[in-house]
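Number of protein chains: 2
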Amino acid sequence: MALSKNQIKLITSLALKKNRDVSSLFVAEGNKLVADLLPLFGCELIAATDEWIAENKDLILSVKPAAVVAASKEEIKKASAQNAPQSVIAVLRKREVRFSEDMLAGSLTLMLDTVQDPGNLGTIIRIADWFGIRNIICSKETADVYNPKVVQASMGAVGRVALHYCDLCAFVDGLKGKYPLFGTFLDGENIYGRSLPQEAIIVMGNEGNGISDALAERITDRLLIPNYPAGEETSESLNVAVATAITCAEFRRRVIAV
Amino acid sequence: MALSKNQIKLITSLALKKNRDVSSLFVAEGNKLVADLLPLFGCELIAATDEWIAENKDLILSVKPAAVVAASKEEIKKASAQNAPQSVIAVLRKREVRFSEDMLAGSLTLMLDTVQDPGNLGTIIRIADWFGIRNIICSKETADVYNPKVVQASMGAVGRVALHYCDLCAFVDGLKGKYPLFGTFLDGENIYGRSLPQEAIIVMGNEGNGISDALAERITDRLLIPNYPAGEETSESLNVAVATAITCAEFRRRVIAV
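Just so you know, the sequences run in chain order A and B.
Positions 76 to 333 (the numbering used here) are the ones given, in order, by the first sequence.
Positions 76 to 333 (the numbering used here) are the ones given, in order, by the second sequence.
One or more of the hints may lead you astray.
Stated by the list, open to error - Label pairs and their in silico Cβ distance ranges:
hint, chain 1, residue 1, chain 2, residue 2, range
1, A, L299, B, E307, 49 to 55 Å
2, A, Q157, B, N81, 44 to 50 Å
3, A, S287, B, Y240, 38 to 44 Å
4, B, K169, A, P114, 27 to 33 Å
5, B, A156, A, E274, 23 to 29 Å
6, B, A142, A, R168, 53 to 59 Å
7, B, K169, A, G117, 49 to 55 Å
8, B, A142, A, G249, 34 to 40 Å
9, B, E282, A, Y240, 37 to 43 Å
10, B, A291, A, Q157, 27 to 33 Å
11, B, G306, A, S79, 51 to 57 Å
12, B, A159, A, E292, 27 to 33 Å
Don't read these hints as lab results, they were simulated from the structure.
Cβ atoms here follow ideal geometry from the backbone N, Cα and C, with glycine treated the same way.
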């Protein structure tokens with residue numbers, strides 16, 4: 076059985092958010108990523124080479140995809156959004172994780188104020204996963220977690236970290252000051268010189284504009300990642316994923332037993 | 076004077092390394108990046124809108140480009156490699172920084188073992204700049220610093236950090252053990268639990284394969300960036316730019332006065 080035109084059309088249509096929203100489906104590509112995500116999401120369709128299907132019989136049996144189609148390299152190439160398509164494409168079912176406020180209790184949580192680059196968002200999800208951050212609260216203008224580029228850049232971490240999209244200021248106001256909000260600013264306080272709690276929200280801003288003024292007003296703790304040597308001419312800022320990584324690493328360093 | 080077909084051809088030709096090598100030229104785009112780089116590199120050509128030229132009269136006078144051409148938005152779009160071209164494209168002269176071993180003395184230096192993604196390399200150059208790392212030693216298979224995507228992602232840091240391409244193993248052997256070589260590995264020693272000197276080489280590996288076996292044998296100090304909580308299922312690794320950021324931040328943290 077070959078991959079039909081309609082199936083190729085379904086896969087390529089999921090590059091667009093409106094189609095993902097209507098169908099509640101998304102796409103993952105590549106041997107490693109698909110193997111990582113299959114146990115974590117319902118599967119509508121696997122399109123793969125005969126070899127991949129033969130090699131992954133047990134996995135397929137255990138996850139029971141709605142359909143498995145043997146596809147030629149040519150068909151996979153037609154359906155793929157990658158420059159170098161591999162042997163498998165999976166159409167998976169989006170997971171709606173109901174967010175509740177007690178997910179914040181005792182935890183570090185990330186909040187993203189309009190991170191727009193899919194590569195940055197995917198990298199940030201991978202960082203969150205590494206540092207045991209299970210929830211990311213995103214402004215509605217943040218890139219979609221099920222954007223294929225986000226899924227690919229997250230390297231499977233989308234299966235272990237939940238993203239919640241909402242109006243950030245309204246969300247923060249609803250918390251009534253229960254959790255401290257940390258953000259990084261060029262005029263913030265040296266992150267290395269102060270205590271960092273393990274129950275907190277870490278806010279990261281947009282690639283070009285940083286944290287919006289309305290949300291910045293609600294930040295309780297302004298941090299600075301100091302450059303080195305102090306006072307020397309340098310880049311004006313760090314990439315948002317890089318700043319997220321250094322900040323999360325420093326929060327966790329405080330409790331990692333050596 | 077409009078942008079000629081030949082000038083557009085020159086600009087687009089510089090997307091290829093062989094053309095950059097022959098001409099010793101490279102391209103930078105965008106108002107902020109061009110303004111940052113113009114004082115740092117010789118300039119062969121500026122193609123910009125009338126408005127940009129009017130607004131940047133003083134800058135143009137001070138850097139004395141070989142040619143300044145008023146271009147329509149349409150012409151800039153034809154020459155541009157960006158999805159959303161801005162008002163200016165500059166053709167700049169590559170700078171050959173002669174590398175000498177004493178650049179390593181008293182300094183942190185980065186070594187990249189085949190970082191292939193231009194976005195990753197640009198981000199790493201920006202990280203180096205932030206943390207006062209002035210030299211990066213790259214394997215010959217590492218992405219080219221003057222690749223337009225590297226230049227754009229570095230956000231101007233290419234003007235302050237010098238990249239040197241060579242055979243890494245031969246280079247390291249030539250140092251005869253004078254400098255410690257740090258690398259991150261999943262079975263390394265917790266980075267937070269040991270001393271980190273300010274004169275050292277930090278080695279980062281390829282996106283998929285990490286540090287090559289031959290170079291790994293020459294690493295003197297194997298580090299681990301611990302995940303949190305320990306032992307929990309998580310992403311198998313961090314993105315190479317993210318690992319670079321956390322490692323460099325931790326080295327510098329030790330000497331940043333609080």
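| Would you say the C-beta atoms of K169(B) and P114(A) sit inside 27 to 33 Å of each other? | violated, 49 Å
| task | Starting from the hint 53 to 59 Å, judge whether the C-beta atoms of A142(B) and R168(A) obey it. | result | holds, 57 Å
| task | Take a look at whether the Cβ-Cβ distance between A291(B) and Q157(A) falls inside 27 to 33 Å. | result | holds, 29 Å
| 38 to 44 Å as the expected CB spacing between Y240(B) and S287(A), which holds or is violated | Hint holds: Cβ distance 41 Å, inside 38 to 44 Å.
| N81(B) and Q157(A) - C-beta distance against the hinted 44 to 50 Å | For N81(B) against Q157(A), whose Cβ atoms are near 36 Å apart, the range 44 to 50 Å is violated.
| said: Given a hint of 49 to 55 Å, does the C-beta separation of L299(A) and E307(B) actually sit inside it? | reply: violated, 30 Å
| message | Between the beta carbons of A159(B) and E292(A), is the distance compatible with 27 to 33 Å? | response | holds, 30 Å
| field | Range hint 37 to 43 Å (beta carbons of E282(B) and Y240(A)) holds or violated | value | violated, 29 Å
| query | Do the Cβ positions of A142(B) and G249(A) conform to the proposed distance bound of 34 to 40 Å? | reply | violated, 58 Å
| message | Just to be sure I understand the hint, the distance between the Cβ atoms of G306(B) and S79(A) should be within 51 to 57 Å; is that true here? | response | 45 Å Cβ-Cβ, so the 51 to 57 Å window is violated.
| Lying within 49 to 55 Å: is that true of the beta-carbon distance K169(B) to G117(A)? | At 52 Å between Cβs, range holds.
| task | Evaluate the given range 23 to 29 Å for the C-beta pair formed by A156(B) and E274(A). | result | violated, 45 Å
Checked against the numbered hints given earlier, the structure breaks hints 1, 2, 4, 5, 8, 9 and 11 and satisfies all the rest.
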